[in-house]
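Peer 1: Whole structure, please, built from the sequences with the hints as guidance.
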Amino acid sequence: MTESIRFILNGELREVSGLPPSMTLLQYLRERAHLTGTKEGCAEGDCGACTVAIGRLNNGKVDYQSINACIAFLPTLDGREVVTVEHLKSKTGQLNPVQDAMVKCHGSQCGFCTPGFVMALSTLMHNCKDAKDDDIQDAIAGNLCRCTGYRPILDAARLANKSKDRELPSDVNALEKIQRKKMFAYEAGGAKFFAPVTGEELVEVYAQYPNATMLAGGTDVGLWVTKFHMDLPVIIYTGNVEGLRSIRETAEGLEIGAAVSYTDAFEALAAYDGSMLDMFKRFASVHIRNAGTVGGNIANGSPIGDGPPPLIALNAKLVLRSKAGARTLNLEDFFLAYKKQDRKQGEIVEKIIVPKKPAGVQFRVYKISKRFDQDISAVCGAFAADIQNGKVVEARIAFGGMAGTPKRATHAENALKGQPWNEATLQKAVAALDKDYAPMTDMRASAKYRADVARNLLKRFFIETTEPDVETQVYRYAE
Amino acid sequence: MADDTSIIGKARPRIDGPAKVTGAARYPSDEPAPGAVWAFLVTSAIARGKVKSFDLDEAKAVPGVLDILTHWNVGGDAKPPAPTSKGKPTTTLESDRIWHDGQIIAVVVAETYEAAREAANRVHVDYDEEKPSATFGSPGAQEEKREPGDHEDPKIGDPEKAFGAAPVKIDQRYETPTQHHNPMELFTTTCFWQGDKLTIYEPSQFVYGLKNNVAKQLGIDPAKVTVVSRFTGGAFGSKGGTTARTAWIAVAARRLKRPVKLVATRDQGFTIATYRAETRHRLRLGADANGRLTALIHEGWELTSRPSQYNVSGTESTARIYACPNVETAVNLVHADRNTPGFMRAPPDTPYMFPLESAMDELAYALKMDPVELRRLNDAPKDPINGLPWSSRSLMKCYDAAAERFGWKQRNPVPGAMRDGDWKIGWGCATAAYPSNIAPCGATVRLDGDKASIGLAGQDLGTGAYTVIAMTAAQALKLPVENVSVELGHTDLPAASLAAGSSHTASICHAVAAACDKVNAKRAQGETGVIEETAANVPNGLPDSAMDKINHGQMAISRGFGRKDCTAYAFGAHFIEVRVHGRTGEIRTPRMVSAFASGTIINPLTAYSQYMGGMIWGISAALFEKTEIDLRAARYTNDNLADYLIPVNADAPEIDVLLVPEEDNAVNPMGIKGIGEIGIVGVNAAVANAVFHATGRRIRRLPIRIEDMV
Ligand SMILES: Cc1cc2nc3c(=O)[nH]c(=O)nc-3n(C[C@H](O)[C@H](O)[C@H](O)COP(=O)(O)OP(=O)(O)OC[C@H]3O[C@@H](n4cnc5c(N)ncnc54)[C@H](O)[C@@H]3O)c2cc1C
Ligand code: FES
Ligand code: FES
Chain R
1 MTESIRFILN GELREVSGLP PSMTLLQYLR ERAHLTGTKE GCAEGDCGAC TVAIGRLNNG
61 KVDYQSINAC IAFLPTLDGR EVVTVEHLKS KTGQLNPVQD AMVKCHGSQC GFCTPGFVMA
121 LSTLMHNCKD AKDDDIQDAI AGNLCRCTGY RPILDAARLA NKSKDRELPS DVNALEKIQR
181 KKMFAYEAGG AKFFAPVTGE ELVEVYAQYP NATMLAGGTD VGLWVTKFHM DLPVIIYTGN
241 VEGLRSIRET AEGLEIGAAV SYTDAFEALA AYDGSMLDMF KRFASVHIRN AGTVGGNIAN
301 GSPIGDGPPP LIALNAKLVL RSKAGARTLN LEDFFLAYKK QDRKQGEIVE KIIVPKKPAG
361 VQFRVYKISK RFDQDISAVC GAFAADIQNG KVVEARIAFG GMAGTPKRAT HAENALKGQP
421 WNEATLQKAV AALDKDYAPM TDMRASAKYR ADVARNLLKR FFIETTEPDV ETQVYRYAE
Chain H
480 MADDTSIIGK ARPRIDGPAK VTGAARYPSD EPAPGAVWAF LVTSAIARGK VKSFDLDEAK
540 AVPGVLDILT HWNVGGDAKP PAPTSKGKPT TTLESDRIWH DGQIIAVVVA ETYEAAREAA
600 NRVHVDYDEE KPSATFGSPG AQEEKREPGD HEDPKIGDPE KAFGAAPVKI DQRYETPTQH
660 HNPMELFTTT CFWQGDKLTI YEPSQFVYGL KNNVAKQLGI DPAKVTVVSR FTGGAFGSKG
720 GTTARTAWIA VAARRLKRPV KLVATRDQGF TIATYRAETR HRLRLGADAN GRLTALIHEG
780 WELTSRPSQY NVSGTESTAR IYACPNVETA VNLVHADRNT PGFMRAPPDT PYMFPLESAM
840 DELAYALKMD PVELRRLNDA PKDPINGLPW SSRSLMKCYD AAAERFGWKQ RNPVPGAMRD
900 GDWKIGWGCA TAAYPSNIAP CGATVRLDGD KASIGLAGQD LGTGAYTVIA MTAAQALKLP
960 VENVSVELGH TDLPAASLAA GSSHTASICH AVAAACDKVN AKRAQGETGV IEETAANVPN
1020 GLPDSAMDKI NHGQMAISRG FGRKDCTAYA FGAHFIEVRV HGRTGEIRTP RMVSAFASGT
1080 IINPLTAYSQ YMGGMIWGIS AALFEKTEID LRAARYTNDN LADYLIPVNA DAPEIDVLLV
1140 PEEDNAVNPM GIKGIGEIGI VGVNAAVANA VFHATGRRIR RLPIRIEDMV
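From first to last, the protein sequence lines are chains R and H.
If you read the first sequence in this note's numbering, its first letter stands for residue 1, the second for the next number, and so on.
If you read the second sequence in this note's numbering, its first letter stands for residue 480, the second for the next number, and so on.
Note that these hints are calculated values from the structure, not bench results.
The C-beta atom is built at its ideal place from N, Cα and C for all residues, glycine as well.
Hints may be right or wrong, so weigh each one.
[Claimed, not checked] Selected chain H positions facing chain R (in silico; Cβ < 10 Å):
hint	residue
1	N552
2	D556
3	T1063
4	E1065
5	T1085
6	F1103
Peer 2: Encoded structure:
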């Protein structure tokens, strides 16, 4: 039997049935709820015109995050709250601080991007009582504006940041009433959607529908529908499975559930090195990172995913689970070939275990892309080296964008192992990279450029670990 | 002109701001259309050939599908839209013919968007495929000399001889890429019929044009067609012409007797509308030993579709920027199996000023001269082609103001001499220029006590039209701006021309002022109560019948060049800093200073943001924006916003815009020159010049890539 999708939209309970499970929140808002303030600019998560705030109950309060409504399937909102640009004005009709500042600072020209910017910034203001400039820049990195050149929008954000009244309106009680203890099952027009809440339910329903599409943040799967027009007859959503949504510190290291979003994994992963944080800040946009998961980034098997190279360099393990039980493998062994992973029928990605970084291990990750923010990597390189008394005891190097899968540079690693960490060793390791990779030419970069960049990144790792005072960082935003 | 009581000339936030920040501003696809069903386009997967047959069974079987339009069942129901240039348009459902990849070949209509999309995906097409030509140099691409007619080919003196004799010469070839406007709003159309009356909601730069064109296509009386586009989510030229989709949505709505709504996808937008065509150039400059230009020969090549002769011919501008006694220009067309290009922000000047302003920099290096001084030396006291005076010209004032703010004096001219750690620093400059155009326009003003409402069928594309109209009327009627309301974008209102060519502010403000004058005259006669007046402004030099043309959706415009009394251009100067990373080749643009003189500035705030937006477009055009083409398939490959890189916040540098005051009594009565496009012109060259200064590498093919740097 199908249940209806229940969520709070701008303060009102909505119960929805009869709409296809792959209908996006954006389509619903614009065409069914007639809330046309939320715009469509791409339907692919690239432009942010569709940004809305999603509230999720967390220990008696509501956590808000901005997401792209254009790639969020409607049933994933079950049990959540949705706030759109129409709901920001106060009861007396006053603009909220972001809206007010956008008018004053001339933050819109054509205005088509404006609701998205307003939602991105209003969510930031809600979450961050005193947003730093970096936070502001980060909050809007996933919003494109073709008219203004962004400066007036930044000015508006800075002005809004001075105001006190900056909370999004929320209703904890209403949300509490629509939480579920058991799996949510929805069906319309022959298509099925399941949102299990326990790990048992998850492997059980997957065993029942082994050809189902696993859905986590939907930042890949959403595009299969909106861009590639695929039919998804059965969807299993992992986003409500408690066990998959937690991060734990254990004796072994850090355990990250497969459905943990990049935003939530941020802090824990950044502890490995500041460069991790820098890279994640350039991973897609806030809205995508709020939805997109660490598990999805691995399970999709993409050769240019930003997650796997640093995790492989850090010697992460992957835990897969099916009804039959769990198995653990080295992350790099999961990637068999282009678009082929070691995942058996009925198996889900359960968690990633990242070992503690031993003292003495130097670690860096670098992302190189054409455009600074919100751009897929041309090359992503990660380096971990155990350097004792000027000697490399052990090294792990992994690259994305250099082969059909995220791949380790075993020749370069061997050239380093046991050698003094000096220029001569570096040269040998750099030369060995040519044996590790035969990269491709595509729109993002030529093969030669990729090979050059890989060599340069290894050099950069050398400089940063031997001459820490040398400036190697591409500065982030214009001063 | 602006005194203390003046409204014109004082910065003011846009009056449509609150509507935009609350989501209340209604863009065409936001207009309610009760009972609407959905259309999804099927576009061709090949670039040249014919549709042999369709297999529609699977598509028709999708629950909710209502109709599928192809050339089989609707081929005769509409004619192709009139082209904006000589030659013929490409066609869509009129026949089985395929002119380019991504051409509309069928329209699926269903009860829901999801069903229409799914069914469109299940339309199977059998093609008769021929080998397509993608672009310049592709086998089968046809080159021809552009026919005279729409454009002049300026020529004076004996350029070949002068070039031959010149002691200092530059003779280089340059390339600019295909680019797509990619406004944030998609191409949408909603149509419905009430009896024999058709209403169209579609983002447009010219609602009267759309109304009349669609009427002609469908063979109906234009009086029966209403077009509404209150807000347009960015256009930049892409929503100026009538595209094929509109008539088919109207046909679908007529067949089903229900409103039909189309929101074309981002990738479809690359092929169902227009784009900036790739261009090639050969530019020759000759100068004497002191740096005075003696010869300028500019030949351009532009890509277009097979049947169309669309071209932009920017040589009309490059011929007259500098004082040079011997000038010759020519433009050639290259036809390939592509969709027809169209206007995109500063259509002629963006591609054509790149070679000129790059070559000027090359000449400065050849002469060991400062590039600013080279421009000063060759500043033109009058239009060099026809000897007419400029309406006003403040080019060097712009250079001086911007150079000072930028700190140009500190520049070490030696390429590669300026560094900051691993970063090589380069400073470059270039000239911006854009002709001052103005078109006929009508307006209605209704005064009711101390409240006024203004109506005209112009557009606010984000340019601030709502606001400048309210300001113009408030000033003329002596009312506070808050008391003036403005309605735009509806064909029930008096006609305005195409919002393009930086002409719109001048056109609409003069019409509003004229209507206000009539109202004031009535007031002076002692009339009280509601006063409503409609007026039209026809710019000097155009016949009165020009307003009629606008009413019929045709073009009529007084251009900055080709006038009898003077030549009118806005000018500006760009200065930019680039940093090129020594190891990775990454290019950054941390800061930019530009100065512009554009006559009367009605609202410095909206002006400022127009300039700034243009400048960022320029940087982006120089460093990122290129539509990639699969040469074998003649297909765009980066037709989405992930791969077509428009700048994000992090790419935008610290920008300084200086407004150089300029009073121009000759250009038009209010002295308005237009600001929407000049900001982009020349920026591409300024960036390339800065890159040369940083690295010693002269890049003559845009966009400049990391690969060019390592
Ligand atoms: C605009 C945009 C920008 C992006 N930028 C980047 C970027 O900079 N770097 C980058 O690496 N990626 C980027 N991506 C890709 C994407 O965001 C990431 O790969 C993300 O981590 C995917 O996670 P998800 O939870 O959204 O996955 P989903 O889309 O939900 O799923 C992805 C795949 O994983 C499978 N899957 C998900 N969970 C499980 C599970 N528990 N067990 C088994 N299979 C599972 C799904 O079936 C699917 O095949 C971008 C995407 C967009 C739309
Ligand atoms: S519509 Fe562009 S990100 Fe959603
Ligand atoms: S104001 Fe037009 S896209 Fe931002």
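Peer 1: Are the hints correct? Go through all of them and say.
Peer 2: Checked hints:
Taken as an interface hint, N552 (chain H) does not check out: its beta carbon lies about 23 Å from the nearest beta carbon of chain R, beyond 10 Å. About 27 Å separates the beta-carbon of D556 (chain H) from the nearest beta-carbon of chain R, more than 10 Å, and the hint is not met. Among the interface hints, the one on T1063 (chain H) holds; its C-beta lies about 6 Å from the nearest C-beta in chain R, closer than the 10 Å criterion. Because the smallest distance between the Cβ of E1065 (chain H) and any Cβ of chain R comes to about 6 Å, under 10 Å, the interface hint for this residue holds.
Taken as an interface hint, T1085 (chain H) checks out: its beta carbon lies about 8 Å from the nearest beta carbon of chain R, inside 10 Å. Interface restraint check for F1103 (chain H): the shortest CB-CB distance to chain R comes to about 6 Å, inside 10 Å, so the restraint holds.
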